[in-house]
Amino acid sequence: MWFKPATTMLIRQLKRGELTIFLLATMLAVGSVFSLSGFGERLNVALVQKSSDFLAADRILSSAHPLPPSLLNQAKQLELSQASYLTFNSVMFYQDEMVLTNSKAITGSYPLRGELKVSNQPLTNQATDSQGVATFGPPQRGEVWVAPELLIKLKMQLGAIVAIGEAEFTVSGIITFEPDASFNLFNLAPRVLLNFEDVAATKIIQPGSRLNYNYLFSGSEQQLQQFYQTIKPQLQSNQNWQDINGERSPVAGALERANKFLLLASLLGIILGATAIHSTAYRYSERQLDTVALLKTFGTGSRTIKKIFMLQLAIITTLGIVSGLGAGYALQETAFALVNHYLPQSMPDNLPSISIYSILISIATGIVCTTMFSLSPMLRLFNVPVMRVIKRDLAPSALNRWFSGGIFGLAIFTLLLLYSRSISLSLITLSVAALVSILLTGLAALVIKLSSGSRFTATSPWHLAIASLQQRALQSSVQIASIATALMLMLIILLLRNELIDEWQQQIPSGSANHFLANVTPEQVKPIEQLMAQYDITTSDLYPIIRGRVSAINDQEIGQYDSESSDKNTDNRSGRQGFGRELSLTWRDSLPSKNPLIEGQWWQAQDTEHLVSIEAGVAKRLAIKLNDQLEILIGQQTISARVTSIRDVNWRSMAPNFFLILNRAALGDMPSTYISSFHLGQDQHPLLTRLLQDYPTVSIIKVNRIIKKLRQIIDQVSLALTYIMLLVICDRTLVLLVQVQVSYQQRHQDLVILRTLGASKKLLKRAIAIEFLIIGALAGIIATLTTEVALWLIQTYVIKMPWSPHPLLWLFTTLGASLVVALVGTKACHQLTKLSPSELIRNLS
Amino acid sequence: MAPQKDIIIVNNLNKQVEVNNGTLTILKSISFRVKRGETVAIVGASGSGKSTLLGLLAGLDSPSSGEIFIDNAPLHQLDEEERTSLRAQKVGFIFQSFLLLPALTALENILLPAQLAGLTNAEQKATQLLEQVGLSDRGDHYPNQLSGGEQQRVAIARAFITQPAILFADEPTGNLDSANGDKIAQLMFALNKQHQTTLILVTHDQKLAAHCQQRLTMEAGQLTSVSPELSNVV
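First to last, the sequence lines map onto chains A and B.
Under the working numbering, the first residue of the first sequence carries the number 109, and numbering increases by one thereafter.
Under the working numbering, the first residue of the second sequence carries the number 4, and numbering increases by one thereafter.
Hints were generated in silico from the structure; no laboratory data involved.
It should be emphasised that the depicted structure is a prediction, and the values quoted were computed from it without experimental measurement.
The hints are all genuine.
Derived DMTMM-like pairs (lysine to aspartate or glutamate); straight-line CA-CA distance at most 25 Å:
| no. | chain 1 | residue 1 | chain 2 | residue 2 |
| --- | --- | --- | --- | --- |
| 1 | A | K499 | B | E85 |
| 2 | B | K31 | B | E222 |
| 3 | A | K311 | A | E276 |
| 4 | A | K816 | A | D351 |
| 5 | B | K38 | B | D208 |
| 6 | B | K93 | A | D398 |
| 7 | A | K414 | B | D64 |
| 8 | B | K93 | B | E83 |
| 9 | A | K499 | B | D64 |
| 10 | A | K415 | B | E83 |
| 11 | A | K733 | A | E707 |
| 12 | B | K31 | B | E70 |
| 13 | A | K415 | B | D64 |
| 14 | A | K123 | B | E126 |
| 15 | A | K123 | B | D143 |
| 16 | A | K112 | B | E134 |
| 17 | B | K196 | B | D208 |
| 18 | B | K210 | B | E153 |
| 19 | B | K210 | B | E222 |
| 20 | A | K112 | B | E84 |
| 21 | A | K870 | A | D858 |
| 22 | A | K414 | B | E84 |
| 23 | A | K123 | B | E153 |
| 24 | A | K499 | B | E84 |
| 25 | A | K415 | A | E394 |
| 26 | A | K728 | A | D756 |
| 27 | A | K414 | B | D82 |
| 28 | A | K733 | A | D663 |
| 29 | A | K415 | B | E126 |
| 30 | A | K728 | A | E707 |
Whole structure, please, built from the sequences with the hints as guidance.
Structure follows, in structure tokens:
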């Protein structure tokens with residue numbers, strides 16, 4: 109018997125638009141969570157897949173020894189795709205010439221990700237990586253594929269018969285692109301690819317040979333995780349499990365930051381969406397006070413009344429969730445279509461499908477939002493005194509503030525936890541949000557209070573506006589704080605996006621070095637520079653390279669330090685390798701860029717003492733402090749140098765990086781080779797051939813293709829961030845609208861009184877516009893202030909990038925906010941100012 | 004046990020409320036009786052306690068002390084849910100501010116209490132009542148499309164649909180001009196007679212009060228006179 113009136117009332121309210129904002133807020137909360145989580149998850153999978161090209165697989169297990177077949181069988185059982193390669197250094201002979209090469213003996217369908225391009229035709233003057241065809245799997249037995257520079261260095265053609273160890277091979281292809289080519293500037297030997305089955309015949313592998321077995325796996329994330337969990341207990345200290353995120357590449361950095369940004373944007377979006385729902389739920393319940401009082405008067409029991417409103421809430425929730433999922437899906441697909449439209453080649457063909465998780469979390473968001481945020485307003489609604497039907501000013505007693513605050517906090521915490529799956533992150537976000545809202549409300553209240561004191565004149569719209577603000581001091585400060593929060597979050601997302609994109613672009617600016625030169629002798633420096641000048645190419649800083657080994661720290665043998673460490677962290681492992689054997693040293697007068705000093709001071713060029721600067725990770729692992737004395741063995745000579753500084757090194761920058769840099773006094777007189785980098789344009793490729801022909805001992809490392817791919821990925825992530833920003837702006841605009849509408853009812857009463865007392869429409873319109881201008885301006889100023897503080901905190905502690913102030917933001921935000929709020933506010937009250945006093949009175953009653 | 008012919012019996016009724024600095028007495032030692040089918044006007048100045056008394060009689064609020072019997076049921080002993088149930092069975096209301104639900108049409112507003120009470124033939128009764136109040140062509144109009152007088156006629160029809168034993172009216176003509184007020188009064192008394200309902204109304208309007216068989220005058224929370232006869236006072 110209650111069902112029909114309940115649904116009739118709901119349908120009518122929906123038709124009359126009374127529930128539109130409530131429904132819209134729910135829809136937007138669900139829609140934004142669905143599109144953000146879905147888009148984020150799918151984009152991440154797509155990008156990781158794409159980035160996996162840099163590994164030639166999703167995961168690599170590298171080992172100094174072959175893996176037991178039982179372990180590989182487990183991968184087979186899990187239906188993972190597999191391939192492997194063995195790398196070792198060997199000398200290649202051709203007629204009277206010989207060159208040290210880095211051989212890669214491959215099995216299976218290497219590469220599992222990305223493409224290996226091989227040309228069986230002599231190369232033209234075009235860019236190397238534009239030639240050749242995509243190839244999978246190893247060369248035929250008895251054949252090898254070689255890097256182009258080997259043909260030049262050994263003065264041979266395709267089809268030449270070369271020797272590696274005791275075996276002979278026919279050169280059947282030229283490697284034009286290798287997906288997982290090393291970034292290592294110090295591993296300079298040119299690449300040779302051969303079939304793994306041929307390795308035994310070369311008889312190169314002897315006990316004590318330095319070998320690196322790499323096992324490649326690809327499959328779904330779930331399969332890979334399952335495999336890793338199975339093999340984890342069996343892994344030895346010299347075996348290492350790698351994925352793209354563990355790699356020291358700019359891609360890993362971009363992905364990591366984009367993910368953090370996405371998470372942050374979503375969390376802030378959830379909080380704002382929640383406040384919008386809370387405000388609309390409160391407004392909805394306020395409008396239902398008479399209905400509940402009337403139903404009680406009719407003799408409707410409290411259980412029936414609860415049923416009626418619970419049914420209505422359930423229907424609104426369902427509608428909000430369904431429409432939110434629909435809108436979220438459409439947004440996701442549009443975003444992907446946009447990304448694909450701009451970057452047709454860049455996304456993997458098989459886009460990952462929408463995950464059940466993102467659907468479930470979106471539904472949960474809708475349910476938690478509408479039920480928990482409506483709980484306090486609903487409980488208050490059910491408590492409405494039935495005497496309200498006679499004594500119209502009777503309102504339900506307010507619920508305990510701690511109770512309603514607790515429910516609100518708990519609801520937001522539940523949502524944050526659902527989304528971030530991290531208790532600490534949820535607690536931090538919740539505490540910061542609570543603190544910010546209390547501070548903002550206090551700040552706004554203070555500003556309103558300070559504005560009082562001027563004498564009131566009813567004919568001045570300014571006085572009317574200020575009087576109106578003061579009359580609703582608490583409501584006005586909450587309104588200003590809410591608008592300021594919405595603005596602040598919008599600004600944070602907007603500025604953070606720009607900062608992130610700028611930083612990524614700066615990491616690989618256009619025209620940045622795409623080739624490296626290494627093994628340049630001091631005598632070759634000048635002629636090479638002259639040759640470069642002929643082609644209008646300028647080279648970067650030259651770094652002298654001297655091979656050396658740290659043998660002791662403060663007179664203690666290095667071995668003792670080395671053996672203490674057993675962790676498998678990538679950074680540490682690299683450090684240990686460096687210290688376990690020879691590493692590349694350099695000397696410089698000045699501190700290299702992107703190498704900030706953490707401790708100590710950089711030396712003067714004229715210092716005569718032997719001094720060394722050490723990378724922070726290694727310093728920490730080997731417990732090296734300032735003023736420690738390092739003994740370094742270079743050839744037969746040992747030098748001793750004092751540690752004067754500890755540097756942070758950005759291993760993700762595409763520039764030569766060193767664990768140890770010494771001063772001129774220590775290494776200036778040592779024989780050295782040089783490395784340098786330069787940018788080679790599309791039409792400058794003949795230079796490479798000239799260089800290789802004239803200076804066969806010089807090594808050239810090409811990173812242009814990798815840089816191009818990095819740029820594509822960064823462009824994709826930037827687009828994604830732009831999309832998220834637009835979504836967030838929609839969300840915030842709705843919150844703004846809700847906030848302006850909240851004061852509608854009371855404003856109505858004021859207008860009735862003022863109009864009845866003879867205030868002109870013009871005066872009232874102006875007063876309303878001024879009031880909203882003041883609200884907008886105050887919100888703008890407070891938002892800018894808090895944005896600057898929040899950005900400084902986020903950039904310094906969360907995303908870890910430099911922060912700088914935004915002076916123009918103060919002007920634009922304040923102006924923009926006051927105009928937009930005034931426009932939205934006057935538009936919302938337009939209807940009220942248009943009516944005659946009698947119409948106003950009738951509407952009010 | 005109260006005699007059957009009295010539908011309302013009030014004995015020594017008091018109502019106090021807690022305010023910031025002590026207790027405020029709103030009603031003091033009120034006693035009277037109302038016969039079944041009688042029309043009673045409660046009159047008095049603003050703040051004299053008329054509306055509070057109406058609220059107590061209708062079971063919208065509970066007294067601080069004293070007794071109220073509605074159709075033999077001891078209202079003063081009932082909890083809120085029991086009072087609600089009693090209202091559903093025996094009581095109808097007309098308000099000064101009409102209190103129609105803005106989202107429902109005139110017909111739906113009339114139907115609402117009947118649907119909630121699970122009455123059969125509700126729609127037929129609602130249409131009939133709509134006709135009786137002269138608004139048969141306005142059934143699908145929303146409250147904001149009706150004049151004040153029309154809205155109050157809908158409210159009257161809504162009050163009668165559950166065929167209550169007692170009808171409480173709080174300033175039913177208070178928001179209307181005199182012409183509309185007269186029409187509403189006529190309609191209310193006519194329907195009251197037709198449905199044999201006991202009518203208790205609170206009003207400032209002496210003309211309206213004059214239509215009633217009994218008049219209770221309130222002054223500062225006390226019943227100062229009962230006219231035309233004193234025999235009903237215990």
